[in-house]
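Every letter in the sequence shown is one number past the one before it in our numbering, and letter 284, counting from 1, is 284.
Please note that a few of the clues may not be correct.
[To be verified] List of simulated lysine-lysine pairs, BS3-like, C-alpha gap at most 25 Å:
no.: 1; residue 1: K78; residue 2: K130
no.: 2; residue 1: K278; residue 2: K130
no.: 3; residue 1: K290; residue 2: K238
no.: 4; residue 1: K290; residue 2: K304
no.: 5; residue 1: K278; residue 2: K290
no.: 6; residue 1: K290; residue 2: K236
FYI, nobody ran anything at the bench for these hints, they're computed from the structure.
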Amino acid sequence: MISVVIPLYNKAHTIVNTLETVIGQSFVDFEVVIVNDGSTDNGVDVIRQFTNDPRIRIITQENQGVSAARNNGVKESKFEYIAFLDGDDEWKSDYLEKVNYAINQYPEAGMICAGGVVRNNDEIEPRLAKKYTDTIAVRDFFENPHVFLHTSAAVARKTEFLESGGFPVGMKRNEDYACFFALALITPMVYIGFPLTVYVGMVPGQATQTFTSKVISHIVGRYNHVHEKWKNSTSKNKSYPVFLRYELRHEILNFIRKGEYDMIDYLLKNLDKDILGKFSPFEFQWYANKKLKQVSVLFIYLTKIRWRMRGYPYLGE
């Protein structure tokens, strides 16, 4: 049995399409917990007019944000495994069937991720780890988390989800990374290498992922949140610090290319000092110095080569 948790905030224009893909699953032993996060549209009425399926429950709360809505959905769920789904995304009909297979085959894993596609209007692109296509097995999450992870293609066992702290309330960007990165620190992950989910982009009301001065604090908050979990974990995940260095250098490279040295300065002042200590002592002095732009770029590219020589993929591959 699986609980499906869907946060709902002003998704009257998409929620029926989403629910149709849930109700049409070949695996039928599930419940759906929809958490209405203080919507101001008629989304709840749209759902009730669409279906009276007894497996679907609607819970209403005052607007607290998507993280609180998901966390409350987990608390209200009846079953051991939680499948997350956003109110504008979709599942292929055999998604939960393959999730259930993964649960039964790998009971040691408290986290399951699946491949999918990204649909922006008429354009469709795969979101799939190429080397693991058409396989279902335990994988190293921090080998390729940005491809492995998408919230609407993620399943967590409730015990580990609650232990990891769930979604950080108040974090307006990267709350999904903060949640699932922390979860991956304490439990194995199974990756389902089939395109079973659909991330629907270009939807009115979606949050953007653009780095700006307004959201950088939440990005840094994610880094610090996950790192604190890693520091406090009894069994230190060895892949996490390797990925941390690669990802942060990748982000800094983008800042350098855009000339956004104020963002680099913000990182230096606000990242956990233990994170900075995972890097070469001279690195951040280079990155913050505009005159050393070419040196910084060359150094980061050399670290990327080393990353791939160790068997890791291109970021996003």
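Outcome of the hint check:
no.	hint	result
1	K78 x K130	35 Å, violated
2	K278 x K130	29 Å, violated
3	K290 x K238	33 Å, violated
4	K290 x K304	21 Å, holds
5	K278 x K290	23 Å, holds
6	K290 x K236	36 Å, violated
In this structure, the hints that do not hold are numbers 1, 2, 3 and 6, in rising order.
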